[in-house]
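Q: In case you want the letters, here they are:
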Amino acid sequence: MKEIIAIIRPECAEPTKDGLEAIGVKGVTFISVTGRGRQRGTIRAPDPEGTLRREIGVHIMHHRGLIDNPEDPKYHEPVEKEIELGFLPKKMFMIAADDTEVPAIVSTIIKLNRSEHQGDGRIFVCPMNDAVRIRTGERGSKALL
Amino acid sequence: MRRGMFVKLIRAIIRPETTLRVIEALERNGIYAMTRLNVAGRGKEMGITQGTVRYSEIPKEMLMIVLPDDAVSKAVKVIETTARTGTRKFPAAGNIGDGKIFVTDVDESHTIRTGEKMQETRPV
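Residue numbers (numbering that gives the first Met the number 0), protein chains in the order written: chain A, 0 to 144; chain B, 0 to 123.
In isolation and in its complexed conformation, chain A is listed as follows (with noise of 0.2 Å):
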């Protein structure tokens, strides 16, 4: 048994869960965390087409006071500047899964979840020794299905 620790991009969470199910992965906890990666949340604003900017638009503005409507007395055009964002929200997918269906449900994720732009997230494939179904008491994989 293995557990798949996902973490992805919080719009990306919804798609996955239908992914998931039509793979037939029925259990999955989902946490909400916050997190970054190598690059410290940081991001180049504006980017070209604007996609990032869109995604995290909320924190650009919080943090530079960017207003986007041009009309408003207080907007400057956006500066080409790293912008160190901290931690990003993100969705943590929880799913523990025999050995057999690991790849399948990595592929999964990874097909839904890839935009090729940084942020995309992490899967990690972690070792879990034992399962118990607290209802039955049934262990091991027995208790997955």
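Bear in mind the hints are in silico, worked out from the structure with no lab data behind them.
Do not take every clue at face value.
Unchecked claim - Below 25 Å or equal to it, Euclidean Cα-Cα: the simulated SDA-like pairs (lysine to any residue) are: (1) B:Lys99 to B:Lys116; (2) B:Lys88 to B:Lys99; (3) B:Lys116 to A:Arg113; (4) A:Lys25 to B:Leu36.
Model the placement of chain B on the given structure of chain A, informed by the hints.
A: Structure of chain B alone, referenced to chain A:
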């Protein structure tokens, strides 16, 4: 991270008020990537008893850090020393409720952006 390197997951459950201090200390040691989550828990003291009232769930913060094997002992040391709250007489001393650090194995690590897989080559 190199391919085939042993990787460990550190879960540190610490006081919420020491979290920033710990993160800054880890930054100074070159550790930036981590996940933070708010948890509640208790230790062997069964929470806090104040008069007749028992608080069985005390708010804590959990840091999850995945590191190569050789960096783990240093990171644990850093967390351990900075998460101690100390007493007036002994600033480096620990108190009840300062937290715990757990280190567990990680078999595989995937980066979603690149789809890159890092599998551990563990001797059986």
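Q: Now, for every hint given, state plainly whether the structure supports it.
A: We went through each hint and held it up to the structure:
1. B:Lys99 to B:Lys116: At roughly 30 Å apart (the allowed maximum being 25 Å), Lys116 (chain B) and Lys99 (chain B) break the hint.
2. B:Lys88 to B:Lys99: 23 Å, holds
3. B:Lys116 to A:Arg113: 14 Å, holds
4. A:Lys25 to B:Leu36: Given pair Lys25 (chain A), Leu36 (chain B) holds - Cα atoms ~24 Å apart, limit 25 Å.
When each numbered hint is compared with the structure, a violation occurs for hint 1 only.
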